Structures are given as structure tokens and as C-alpha cells.
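Asker: Take a look at the letters that make up each chain.
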Amino acid sequence: MTPRTTPRGVSALARALPLVFFALLPGACNRESKSTRLAADDFSVMSSEMAARLRASYFLAHRGPGSPPITVAVSKVDHLTTDLISDGEKWYLMDSVVSSEAMRAMEQEKNIRFVIPAERLASLRRRVPEASEAGAERRPTHAMTALIRSVTRSAGRDRTDLYSCEFRITQLSDGEQVWSDRFEFKRTAFGRAYN
Amino acid sequence: MRRTATLLLGFVLAGCRSGPPSGFAELVDDGQYGRARALLADNMTARTRDRDYLLDRMCLGVVELADGRPAAAEPVLTEVFDVLRTQGINDDRTVRAAVFGERGVIYWKGEPFEQALAFHYIAVQKAMQSEWDNARAAANASLFLLQDFGDNERGGRKTTEDIAEEAYRRGGEAGYEDYLDHGYTPRETDFALGYFMAGVANLALARVDPDRRNEASDHFRRAVQLRPPLEPLAQDLLENRTNTVLIVDFGRGPEKVRYGPDGALARFEPHVASDDRPLEVTLEGAGRGTFGWACDVNAMAADHMWNNFEDVRRAKSAIGDALLISGAVVAASSDSDTGNIIGLSLLLGGLVAKLSARADVRHCEIMPQRIYVAAINVPAPGARLTLTVPGPGGITLSLPEIDPPTGREPLAVHYIRLPCRQDTPAWASGQLAYANDATNQRVPGDDMPFILGGTCVRTPDPETMRRYHESGCLRDMTAGDLRNVYHAERITIEPLDPAPGDTHRSDLHIFEGGNVLYTPRKCSTGYARLFCVPHAPYRPRSREAASLARSSSERPPENEP
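Heads up: the protein sequence lines correspond to chains A and B, in order. Under numbering that gives the first Met the number 0, residues 0 to 194 are what the first sequence spells out, in order. Under numbering that gives the first Met the number 0, residues 0 to 560 are what the second sequence spells out, in order.
To be clear, the hints were calculated from the coordinates, so they are not data collected in a lab. Certain hints may be false.
Listed below are the simulated EDC-like cross-link pairs for lysine to aspartate or glutamate, each with C-alpha atoms no more than 20 Å apart in a straight line [said to hold, decoys possible]: (1) A:K185 x A:E165; (2) A:K89 x A:D180; (3) A:K89 x A:E183; (4) A:K33 x B:E164; (5) A:K89 x B:E78; (6) A:K89 x A:E48; (7) A:K185 x A:D41; (8) A:K89 x A:E165; (9) A:K33 x B:E78; (10) A:K33 x A:E118; (11) A:K109 x A:E183; (12) A:K89 x B:D81; (13) A:K89 x B:D208; (14) A:K185 x B:D208; (15) A:K185 x A:D40; (16) A:K89 x A:E118; (17) A:K109 x A:D94; (18) A:K185 x A:E118; (19) A:K89 x A:D41; (20) A:K33 x B:D49; (21) A:K33 x A:D157.
What you are looking at is a predicted structure, and each value in this text was computed from that prediction instead of being measured.
Using the sequences provided together with the hints, build the complete structure.
Answerer: Structure, rendered in C-alpha cells:
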């Protein structure tokens with residue numbers, strides 16, 4: 000059989016594809032951008048993406064309505080970035096993931112539910128006396144955490160921050176990490192940092 | 000003609016006075032943070048394009064922290080962080096454009112040293128709230144690279160004038176700005192205090208993330224290299240011998256003044272001289288320690304690395320001398336009205352250009368002269384804390400109580416701003432005069448609320464009512480009833496009542512004639528100035544409060560029939 004040769008144009012495109020990919024990485028250069036701080040859109044995109052990936056993950060792929068129930072206690076997102084992220088924003092990001100359509104659909108399909116963590120429950124009980132018995136049946140089996148990191152590159156008039164958000168689900172009985180995934184994006188700002 | 004000249008001069012002069020209102024810095028020196036906040040809030044610009052937008056907010060944030068109100072400082076300091084993290088705010092806004100129109104008005108971001116200190120105060124505010132990840136972010140933000148133009152031929156650091164002369168010598172008119180933009184060497188910051196704060200934040204995070212401990216060590220190491228007296232503090236913190244960090248501001252920082260031809264250049268001149276007097280910290284029952292300063296703001300402001308050369312660029316862009324000469328020549332040589340008008344216009348234009356070339360001397364007037372850092376171990380709640388800067392111009396401030404870190408927090412950070420005044424205020428004695436939410440300590444007369452003639456300013460909640468009832472007072476009232484009395488007096492109770500929509504209002508405490516009942520952080524100057532000195536009795540405004548106050552004053556003591 001005669002080996003097929005790759006047309007010149009196709010091989011050129013194949014070499015260019017990685018460059019295209021990095022150029023199209025979310026948050027790629029925008030000449031108008033003046034700040035690399037996280038924006039509301041970043042949280043929305045992150046949470047949608049992570050929910051979709053969790054739904055498609057190996058951890059949940061083989062589960063069905065009859066699988067042993069899983070209760071996942073979620074925590075607010077932690078961060079080691081160069082940005083200020085309020086507690087409200089940290090909770091918003093995690094809440095966005097677990098309350099997304101993809102995740103809500105999974106609750107019945109995969110027999111999994113998400114609950115608030117113990118400290119948030121304690122706060123709720125203090126604030127709302129009528130809720131003193133709330134969450135009595137929680138009994139979480141897993142914990143879901145997330146950590147956002149950033150790396151900054153600043154040169155001359157530009158600054159780029161690369162953000163990486165990693166979600167993890169840990170089995171509480173033995174500490175085994177049963178799922179993790181990472182979402183990365185960058186933001187670039189132009190102009191002198193101080194002037 | 001006259002109208003044109005008046006308009007031109009008026010336009011220029013309108014841009015000359017800016018910055019915090021007159022008297023603001025003096026109130027802060029005096030420790031009158033409530034009145035300082037009110038003065039600033041009343042004069043604060045709301046227009047984001049106004050040149051004083053950020054300056055006002057930076058000042059307000061620092062004063063709120065000094066007054067023991069980190070939560071109140073958060074909105075304005077968050078705005079400050081947002082602006083400081085925005086790049087190129089003043090790009091494409093040449094000095095010429097700033098002089099002649101609304102468009103392209105220079106947006107004050109502060110000198111680099113002011114920006115670094117702003118990030119520092121944001122880090123302190125976050126640390127006071129135990130938001131260690133955010134404190135880490137803000138402290139790291141203060142460690143930006145600096146522009147080093149090196150030393151002069153005399154062996155000292157280059158001054159602004161040296162750099163301006165160098166710019167002309169190397170590039171002439173055409174290459175002047177090119178030298179300012181490229182003639183420096185980027186250099187790592189020498190902001191030791193920033194490294195130290197980053198170390199503190201990382202150390203606190205290490206409780207849940209052990210990797211942060213290595214980052215803390217690295218930051219502490221760098222801080223000690225830059226400022227060796229910080230070494231014992233760093234060691235004590237890393238080895239868990241201390242659990243509390245005090246950030247103490249002293250003295251008024253340097254003043255930005257004009258100098259040189261037509262006042263075109265600016266420099267910072269010390270208001271309080273730098274020296275090596277230590278901070279003495281005495282914790283009741285635990286002994287005394289001394290701590291050197293971690294940041295000398297005079298020294299920072301004097302180094303060209305911590306300045307932004309805006310005045311140097313403006314001086315070059317002004318063509319006042321040339322215009323003045325040509326205007327005078329035309330006016331003198333012309334016999335016609337037209338010629339006179341042209342000559343006078345050139346003359347006025349020259350004057351305008353010369354006035355507009357004057358250096359912008361806006362600066363944050365309430366930066367301290369120096370910042371001390373102390374690391375102490377507070378083993379149990381309720382110990383008195385005394386801070387002393389000895390010698391002429393020094394002060395001793397006692398705070399009634401300091402507590403160890405709460406809950407599971409590994410560290411507590413407290414910010415204390417020492418007043419800068421000739422005499423020691425009465426409230427610096429540390430003698431508690433009013434019962435409040437931050438302490439269980441009792442004081443005479445605290446069985447009744449202040450608004451009804453007593454010495455209690457606790458939040459009216461069930462626990463407070465229990466105390467009143469046990470003393471035989473207000474037995475027929477509930478917490479809700481008492482809150483209604485406060486509301487009848489138009490008093491807002493923080494944090495029970497909703498915050499006003501305008502986060503920049505700085506309502507005064509009821510002790511100062513205001514209408515807010517709040518409790519500052521216990522280990523703060525704000526706490527001492529409010530709760531450690533007697534205030535004028537309260538005058539009820541509502542009939543209900545007046546009636547209750549009257550009946551309480553007529554009430555016989557508990558033991559008498």
C-alpha cells in the first residue's frame with residue numbers, strides 16, 4: 000500500500016494549531032484591558048466548565064440512581080492569587096458549580112447530593128433559631144474543595160496573570176482523592192502599573 | 000479681554016488646590032478620627048474621574064483603620080486596590096493635555112511609596128479580619144519592582160534634579176522622556192515591611208496549608224536582609240513563641256513641597272525627623288519588649304526609586320519661558336489694539352503654562368513618619384497593653400485590654416496609630432470609662448445605657464438586658480423595647496441596623512454628638528479615645544427617652560426602701 004503523504008497546507012496548519020490554541024486561551028490579549036483582576040464572567044465560565052467536567056468524570060460515569068448515596072459537603076473556594084476575593088465571591092464560585100443545571104440533573108441520575116459544610120451550618124443555626132435541627136441528616140461522605148492560584152508576569156508596560164482553579168473531591172472515610180480537575184485562564188492588562 | 004484672562008487664570012488656579020480638606024491632617028494627628036472622617040466624608044469627591052478620587056479614599060481607609068473599624072474601611076480600601084491594580088490610568092494623558100482641558104486630567108495614584116503603603120494598609124485591614132489569603136495578596140502587591148536610576152557623581156543617590164539634568168544631557172529635548180522611560184534598571188523592592196507582612200500572612204495560612212510556611216520563611220528572610228532588627232520578631236513568629244502582631248504608626252509623614260524654577264519640581268521634606276527610637280511594648284503580667292521601626296517613610300520618600308517623576312515630565316513640557324519672552328516683545332512693540340491683544344494673549348498663555356508647570360504637590364498627608372512592628376505573646380485575655388515611644392515628641396498610650404487570637408486563628412494582627420501631639424491625651428491612660436461589647440469589664444454606672452444616664456454603650460441585646468435587669472433597671476423592658484428607644488433617638492446600632500447605602504458616610508459615635516452606636520476594635524486608638532475618657536452626658540431628643548432618663552435618675556438605689 001502506498002503511504003499517504005500529508006498535504007503541505009495541512010502540515011502547516013498542524014504546526015500552527017498549538018499557537019492558535021494559546022492565542023485563543025480564554026482571556027487572551029485584549030488591547031483595551033486595564034486590569035488583570037478576576038471578573039464576574041471568570042467565575043461564571045469557571046463554574047460552568049467545572050460542572051460539565053465533573054458530570055463527565057470517571058468518578059460519576061459509572062453511577063446510577065441505584066448506586067450507594069453520596070453526600071458531598073462543599074467548602075468556599077480558597078485562593079493564593081494576587082487578587083482580593085471576598086468570602087461572598089468564594090462561596091459564589093462553589094455555589095455556582097453545585098447549583099448548575101448539570102449538577103442538579105445529576106442528583107437523581109447519580110444519587111449524589113451536595114450539602115453545605117459544618118461551619119456554615121453552625122452559622123445558619125445561630126442566626127436562625129428555627130433552623131436548630133437543620134441538617135441533622137447530613138452525614139457527608141465526601142468533601143469538595145477548590146483552590147485558585149495565580150502566577151504574575153510583569154514586564155514593561157504589560158502585566159499578565161495566569162489563573163489556575165483546581166477542584167477536588169475527597170472521600171472522607173479514607174482521605175482518598177476521587178476526583179480533581181483544573182481550569183486555567185489568563186488575563187493581560189496594558190499600561191504602566193504605576194505612573 | 001479681561002474676561003478671557005480671568006477665565007484662563009481661574010481655570011489654572013482652580014486646579015491648584017486639591018487634596019484632603021484643610022485641617023484634616025491636624026485632626027488625625029490629634030487622634031480625633033471621628034471628626035477627621037466626618038470632615039473628609041463631607042468633602043469627598045464622588046466623581047471617579049476627579050483627580051482626588053483615590054486620594055480621598057486612601058485617607059478615609061487609613062483613618063477608619065486607626066479608629067478601630069476595619070469593616071468600615073473595607074469598601075474604600077477595596078476601591079483603592081481596584082484602582083491601584085488598574086494599569087495605564089494616566090497613559091496617553093500628556094501633561095499638555097492635563098493642563099488645557101477636562102479630557103486627560105491626571106488621575107492621582109500616588110507616588111510609588113504611597114502606593115506600596117496603600118497596599119500595606121489593605122493587607123493590614125485583611126489581616127485584622129483574619130482574611131489571610133487576601134492579606135497575602137495585598138502584601139505581595141506592595142512588592143512591585145522599582146525604577147533605579149543609580150547614584151550620582153557625588154556618591155549619593157540621584158535626586159530628581161540629577162535625573163532631569165541627566166535626561167537633557169543624554170537625550171536633549173527629543174530624548175528627554177525616552178531617558179525617563181528607559182534609562183533605569185528595574186530593581187527588586189526594598190520595602191521590608193511589605194515582605195514582613197507577606198511573611199505574617201503566609202505563616203497564618205500555614206495552619207491549613209503547610210507549604211505556606213516555606214513562603215513565609217522566604218519573605219521573613221528578605222525582610223531581615225533589608226531590615227536586620229526584624230530578625231528576632233521573625234524567629235519568634237516562625238517558632239510559635241508569639242501569637243500577636245502589632246502594627247504601630249508614629250509621627251506625621253513627609254510633606255510634598257515645590258522647589259526649583261517656577262516651583263516645577265517636587266520633593267518630600269520630613270515633618271517629623273527620622274531617628275532610631277524604639278517602640279517599648281509592655282504587656283501587663285508578661286514583661287516588656289523593645290522593637291525598632293520596620294519602615295521609615297521619610298527615607299522611602301527621599302529615594303528617587305519611590306517617586307514617579309511626574310514633576311520632571313511636567314517641567315519639561317511647560318514652555319512658559321519661551322511664551323513669556325515672545326509675548327512681552329509683541330505687546331511692547333505693537334501700536335495697534337490687535338497687536339496688544341495678541342501680545343497679551345501670548346503673555347497670559349505663558350503665565351498659564353508657567354503656573355501649570357508647577358509641580359502637583361497632592362499627597363497622602365496622613366502617612367506616618369515611621370511604622371513599627373512588634374510581635375508579642377498574649378497568653379490570656381484582659382491584659383493591659385502599653386506602648387511608648389520615648390523622648391521628645393514621644394507618647395505613651397495604654398489600652399485597657401488585649402486578647403489572644405480568637406477561635407482557631409494562629410495569629411492576631413492589631414493596628415494602632417499613635418497620636419502625634421504635644422500633650423498626652425486623657426484617653427491614653429487606659430482607664431475604661433464605659434461598658435461596651437468588646438469587654439466584660441464592669442464600670443460604675445453601667446447598669447443603665449448611656450442614652451438614659453448610665454455608662455453602658457453595649458448593643459441592646461438579651462445579654463445586655465439581663466445585666467440591666469440584674470441591677471434592678473429597665474425590668475419592664477425587652478431588648479426590642481430598648482432598641483425602639485434608640486431608634487426614637489435616631490441612633491443607628493452597628494451591626495444590627497442595616498448599613499447606609501452610601502458606604503462613604505462616616506457618622507460620628509453618639510459620644511461625639513453623632514448618631515451611631517458602634518464598638519471599635521478593642522486594641523485600637525479608636526477604642527481608647529471613645530471609651531477611656533468621660534464624655535458629656537447624653538441629651539435625649541425623644542419624649543420616651545427623656546421620660547426614661549428622668550425616671551432612672553429618680554430611682555432610689557437598690558438597697559434603699
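Asker: Indicate, hint by hint, whether the structure satisfies it.
Answerer: A quick look at each hint next to the structure:
no.: 1; hint: A:K185 x A:E165; verdict: holds (15 Å)
no.: 2; hint: A:K89 x A:D180; verdict: holds (18 Å)
no.: 3; hint: A:K89 x A:E183; verdict: holds (17 Å)
no.: 4; hint: A:K33 x B:E164; verdict: violated (33 Å)
no.: 5; hint: A:K89 x B:E78; verdict: holds (19 Å)
no.: 6; hint: A:K89 x A:E48; verdict: holds (17 Å)
no.: 7; hint: A:K185 x A:D41; verdict: holds (10 Å)
no.: 8; hint: A:K89 x A:E165; verdict: holds (13 Å)
no.: 9; hint: A:K33 x B:E78; verdict: holds (15 Å)
no.: 10; hint: A:K33 x A:E118; verdict: violated (38 Å)
no.: 11; hint: A:K109 x A:E183; verdict: violated (27 Å)
no.: 12; hint: A:K89 x B:D81; verdict: holds (18 Å)
no.: 13; hint: A:K89 x B:D208; verdict: holds (17 Å)
no.: 14; hint: A:K185 x B:D208; verdict: violated (24 Å)
no.: 15; hint: A:K185 x A:D40; verdict: holds (13 Å)
no.: 16; hint: A:K89 x A:E118; verdict: holds (15 Å)
no.: 17; hint: A:K109 x A:D94; verdict: holds (19 Å)
no.: 18; hint: A:K185 x A:E118; verdict: violated (33 Å)
no.: 19; hint: A:K89 x A:D41; verdict: holds (12 Å)
no.: 20; hint: A:K33 x B:D49; verdict: holds (18 Å)
no.: 21; hint: A:K33 x A:D157; verdict: holds (9 Å)
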